[in-house]
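Fit chains Z, U and P with the ligands to the known structure of chain R by using the hints.
Going line by line, the protein sequences match chains R, Z, U and P. Per our numbering, residue 57 is the first one in the first sequence, and the count goes up by one each step. Per our numbering, residue 57 is the first one in the second sequence, and the count goes up by one each step. Per our numbering, residue 51 is the first one in the third sequence, and the count goes up by one each step. Per our numbering, residue 51 is the first one in the fourth sequence, and the count goes up by one each step.
Where hints are given, some of them may not hold.
[As the list claims (entries may be wrong)] Chain Z is faced by these chain P residues, among others (derived, beta-carbon under 8 Å):
#1 Gly64
#2 Pro74
#3 Glu75
#4 Leu79
#5 Gln166
#6 Ser183
#7 Thr188
#8 Pro191
#9 Gln192
#10 Val194
#11 Gly222
#12 Phe229
#13 Val388
No lab work stands behind these hints, which were simulated from the structure alone. It should be emphasised that the depicted structure is a prediction, and the values quoted were computed from it without experimental measurement. Note that the Cβ used here is the ideal one computed from N, Cα and C, for glycine as well.
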Amino acid sequence: MATLTLLQAINDGLRTAMRDDPSVLVFGEDVGKKGGVFLATENLQKEFGAKRCFDTPLSEDGIVGAAIGMAMNGLKPVAEIQFQDFIFPAFDQIVSEAAKLRYRSGGQYTAPLVIRTPYGGGIRGGLYHSQSGEAYFCHTPGLKVVVPSTPHDAKGLLLASIADPDPVLFLEPKALYRSVKGEVPEGSYRVELSTLREARAGKDVTVFCYGAMVPVSLKAAEESLASGIDVRVVDLRTLLPLDEEGVLEHARSTGRVVVVHEAPRFCGFGAEISALIAEHAIEYMEAPVVRVTGFDTPFPNTLEHHYLPDHRRVLDAIERVAHF
Amino acid sequence: MATLTLLQAINDGLRTAMRDDPSVLVFGEDVGKKGGVFLATENLQKEFGAKRCFDTPLSEDGIVGAAIGMAMNGLKPVAEIQFQDFIFPAFDQIVSEAAKLRYRSGGQYTAPLVIRTPYGGGIRGGLYHSQSGEAYFCHTPGLKVVVPSTPHDAKGLLLASIADPDPVLFLEPKALYRSVKGEVPEGSYRVELSTLREARAGKDVTVFCYGAMVPVSLKAAEESLASGIDVRVVDLRTLLPLDEEGVLEHARSTGRVVVVHEAPRFCGFGAEISALIAEHAIEYMEAPVVRVTGFDTPFPNTLEHHYLPDHRRVLDAIERVAHF
Amino acid sequence: MTTTEPLQVIQADGGVNGYDPQMPESELLHCYRAMLQVRAFDAICLKLQRAGRIGFSIPNEGIEATQVGAASALRKSDWIFPSYRDFGMALYHGVAPLEMMHNMFGNARDGAKGRQMPVHFSFVEPIRFVSISSPIGTHIPQAVGVAHAARLRGEDTVVLASFGDGGTSSLGFHSGLNFAGVWRSPVVFLCQNNGWAISCPTEEQTASDGFAIKGEAYGIPGVVVDGNDLLAVRKVTLAAVERARAGGGPTLIEAKTFRMGGHSTSDDPKRYVPAEQFEHWKKRDPIPRFEKFLQAAGLLDAAKAVAMNAEVTEEIAVAARAAEQVGPPALETIFSDVYAALPAHIRKQGEQAFDLAARRGEARSGDGTFPL
Amino acid sequence: MTTTEPLQVIQADGGVNGYDPQMPESELLHCYRAMLQVRAFDAICLKLQRAGRIGFSIPNEGIEATQVGAASALRKSDWIFPSYRDFGMALYHGVAPLEMMHNMFGNARDGAKGRQMPVHFSFVEPIRFVSISSPIGTHIPQAVGVAHAARLRGEDTVVLASFGDGGTSSLGFHSGLNFAGVWRSPVVFLCQNNGWAISCPTEEQTASDGFAIKGEAYGIPGVVVDGNDLLAVRKVTLAAVERARAGGGPTLIEAKTFRMGGHSTSDDPKRYVPAEQFEHWKKRDPIPRFEKFLQAAGLLDAAKAVAMNAEVTEEIAVAARAAEQVGPPALETIFSDVYAALPAHIRKQGEQAFDLAARRGEARSGDGTFPL
Ligand SMILES: Cc1ncc(C[n+]2csc(CCOP(=O)(O)OP(=O)(O)O)c2C)c(N)n1
Ligand SMILES: Cc1ncc(C[n+]2csc(CCOP(=O)(O)OP(=O)(O)O)c2C)c(N)n1
Ligand SMILES: [Mg+2]
Ligand SMILES: [Mg+2]
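Okay, chain R solo, but in the shape it has when bound (with noise of 0.2 Å):
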């Protein structure tokens, strides 16, 4: 096993993924000759030839589009939008297509694609380098929506989505492709989608969180034990759909609850764990439901790391569930 980035194991996702299976596609804008602005897709056009590794104009409603046409016509693609915050142009395609193709067909026609995008804060961004939309997209029956956190996870969820049926948005936390690494199997594996990971165990308080929140949750967790607090960390990995039995199991398992992600709180994929536990487990519950998020503004530049919730935002709400 190779001790790889979370970016280099979706560079070897890809091409795995690309080798094992000529009908698989990757495109976007920039993908081919630069590798993409984050190299995710480097050397693929090399290796696979610009047929199976080509850039598109800029138009992320046509790559989108012409993604689900591929798709729908029994090709693998694997769309790059270049960073989250631009695919919004795409999002009647996503929303209305994509994810209601099968439905609105009775099953005739499907569109099994998948389209990866770099999301979240800490590369000093600002506004449009830096946003988390996961919950634009997890209100959308259809679709599924994935975030690894690890690279293990990186390649081995991007291999599952690239198998899986239904459309699939993965989206990577931009934070973490450099800054974790981790032993990487080498060829082809899958991390079967819907499943939660529990990235830390522990008793008195549940953690869930995903993408480049779960570092930020585990460092937190390591600093409560000095004030004696055992804090269990749950890695989401595909939000959507939730594996909403186990987050509940965690939940009363602990009866005390923090929520951590960077998208703005209000209506964010926080809300709907928040939500899930009122309904189901909240006669276990023992403390609020905390949640430790981005604040409801724009994502701002210079004070970015005011922003994001780091370990000691994160500290402060087990703290507080922990002594409710």
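Quick look at chains Z, U and P with the ligands alone, frame taken from chain R:
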């Protein structure tokens, strides 16, 4: 005071705004000669001429983009999107631009526009003429989201929205367009944004709802009297910025809460209500916070009456939380 | 690269100046029959809608030649990405009116399982007539994707994407044509310029000099054709299809035609369409025009025309009656096909819905347990 | 209606064949100075970025004549909707380099309050240089809206919307140009065809025959100009601006130019741009070209050029040092300007953030209580 349908109240509101302020413009697809596909803009072109009420090309992106420009340059555009289902081509303009312009320019430029659009089921419109997309927009700081449920509020909230210095998405429950009537004051008046309306007093259970779910909830409340449950119905009216304190007060005072909306449940607006309660009022709760919503599927056609929450589904939930 | 004068083939007297449509006689009659089917289907749906037996329909009167002429240029292995005003293409290729009526009633036999509004057909046989979507223009880049996939695989499939004058303002038009131009995809774009997008005339839609010229922006040749002349539409479409099949890339066809009815059965066009326009186009009805050609060619006489019309009308009336007898889709169709497999949270919602329906006595026999 | 040969004014020897730029000498020198400012600003930002003192910058080398020539055609009462590669337009109109440097450092004096990435300027004075947005193309229909509003009010404002070759593929290009065509809005669309959209060459962007021709799709005349020839750019822009001001409607200008640097300071163009292209365009550098003209016209000599360059470089270096001294924006700037008034839920989040910063010792003096 005249007795008007909700649709007439909106038409009256537009006319009133256009009479009071020459900078108010109304435009969109088919709003001119035809007066809109639901006739919400009927006779406006006749009264105010084609410079103030006019058709546009078939491009929601263009409609909202141009509206932003007009608003930047001192006009008060009130743009119509023919169905909320067709707003997604404008998603980028709304979410990336209108909502963020003030912030990103340090307040130098602003976009005080109103986007009106009919939403929701009840007209056998299938997947694309029935959707309730409020949650997509409520996760967007910088935007205001308003949903009337009575003719009085429709006009008063619309006039407040047009007067508002921020971009407002005004969602009109099309199922109520002609099915509700009520007294509507003549001339100009405003219903303040971000204020709740207690549509029915009650002390046992609070039902939070908005739009077309208000009459449904009221009917359920009436029927629950038979089981001796005294239900309060709160019409949220403005979803963003929400009167969170008001919501929490109601929740605390009854200790039992049901949330109703038409949109799919997962990551729907109801999740935010549940999450607020789970974080700030859990210790007052005597029962789970139950959501009654559309299903996590696209919107069907023939079976829409099963999809849409009706008073019986709300009643079930009321009984569940009342007898918990 | 763009033509501006609409191509015409059928003359006032039914003559074609020696043009050879390259179709056997039976094919020509098949085209005629398909146009009659469209008109009969329309007429029956209008009645059903007015009687409150279906909710909605889309009139095609005046556009039949464009639909059928264009469809006739395709092979069964090609794909059609239709607009909602294109079902003549399906009829031409042999989709049974009964299949379509199931959709109009949104019943249990509807291929789309009663999920879509009427007229939003989806067929995979005998030709791929791709599930119609209400949002305008979204299908255009999808058509390009299908075509590009075929090309990458070395197949000679051609894809026809059809849309209206209003559709040219959509995002999908821009991205779709641009991608097709760059990729030289085997697509034929058919813009049915019928003068109106609901109540908006073309001059409110665009200031361009017609619609064919919009191809210039994408390096795609544009061709204008008289959309009420079946043979002319067939001719330009065939040329475009052959060019695409041979690797020559996409073509944009503008078919000039006119919507004689309302936008839909909910619309009254007299509110906004000047009366002269109806009069002008009434004289250019594509069906009598093609009849004249068939008569001049000795393929049709009045009696045969009447008989054929009666036959297709009867077939469609029978289909309507049959479809109306079929019950609504089962409750579980709300919950299936969201994903390939049913996720737990949707299953749970389905079970609750079934419980409620059972308590209300609304569950139908066979719905005994939630089956998904 | 569309030109295809790029208009040129300045000849190899600096002559202009008797063309009268209709500018006083001081204006011509002002243009020259603005181009020097752009290049100096660029060079200093590159150094700052390489030294890690700012995070990001956008190179303009090679594009200066397009920016300044186009800007020179506008009045102060006009509006500019720039791309991120347009700040020469702001410099030309008199925005102080110091204002711009505040933005590069995202400091407390930045007009955008440190919320945007560097280079995303926003100015209302001395000309409306509208807040730059990262999403490509969204500003185009907005520019049309501003223009339409001006026209409805009977003002003679003209709006310049600038974007790249890549920008023509965006949604906003399509909707913006289409609306402007239908409304005959007083807008000038400036497509800076610099050959590349990050690493994608124009042939991957579109199959059209250049970019000016895209105007045909919207009934908008297209003009091609040598973007490295300041006087030519000024000439075509002035004509377009005057036409717009007189009610003649929009124009699409394609300025053919070349991005001599990377897309941004994060990009290495040598990975994808063929070396010949750099060589070819190096010889067409717009600054020496305009110098030749000024020299031929007797307005500039080598000494004066050197002095002016030194002066602008010094001004910008001073500005950079000054801006670097200014601290970061106050914590409350995260929470203000989301709405005109601060809603309760955001206020509460701000208060919590302030508490936390105070506990961490990160709150700055003056931040004593959350002030909003
Ligand atoms: C994105 C979008 N916006 C608006 C609508 C509502 N709508 C349905 S059909 C139509 C007009 C379409 O006109 P055209 O493209 O000319 O087709 P025609 O109906 O004339 O065949 C409109 C505005 C829609 N379906 N999708
Ligand atoms: C909608 C959107 N998609 C992608 C990007 C990422 N991006 C930033 S600049 C750029 C290339 C723009 O090229 P062009 O329009 O030619 O302008 P240039 O940089 O050459 O001046 C891309 C793809 C973006 N900013 N917005
Ligand atoms: Mg039309
Ligand atoms: Mg460029």
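Given hint Pro191 of chain P near chain Z, where the shortest CB pair must fall under 8 Å: For Pro191 of chain P, the interface hint holds, since the closest Cβ of chain Z sits about 3 Å away, which is under 8 Å.
Interface hint for Glu75 of chain P, Cβ within 8 Å of any Cβ on chain Z: This hint is violated: Glu75 of chain P lies away from chain Z, its Cβ roughly 34 Å from the closest one there, beyond 8 Å.
Evaluation of the interface hint that places Pro74 of chain P against chain Z, nearest CB under 8 Å: 31 Å, violated
Status of the Gly64 of chain P interface restraint (C-beta, 8 Å, chain Z): 40 Å, violated
Interface hint outcome for Thr188 of chain P [beta carbon to chain Z under 8 Å]: Hint on Thr188 of chain P: holds, closest Cβ of chain Z at ~5 Å, below 8 Å.
Interface hint status, Val194 of chain P versus chain Z (Cβ within 8 Å): 5 Å, holds
Interface hint outcome for Val388 of chain P [beta carbon to chain Z under 8 Å]: 5 Å, holds
Hint check: 8 Å Cβ-Cβ cutoff, Leu79 of chain P to chain Z: Check failed: Cβ of Leu79 of chain P comes no nearer than 30 Å to chain Z, outside 8 Å.
Hinted contact Gln166 of chain P with chain Z - closest CB pair below 8 Å: Because about 5 Å separates Gln166 of chain P from the closest Cβ in chain Z, which is inside the 8 Å limit, the hint holds.
Status of the Ser183 of chain P interface restraint (C-beta, 8 Å, chain Z): 6 Å, holds
Supplied contact hint for Gln192 of chain P, tested at 8 Å Cβ to chain Z: Gln192 of chain P check passes; min Cβ-Cβ to chain Z is 4 Å, inside 8 Å.
Restraint satisfaction for Phe229 of chain P [CB to CB of chain Z, less than 8 Å]: Holds: closest Cβ of chain Z sits about 5 Å from Phe229 of chain P, inside 8 Å.
Checked against the numbered hints given earlier, this structure breaks hints 1, 2, 3 and 4; the rest are met.
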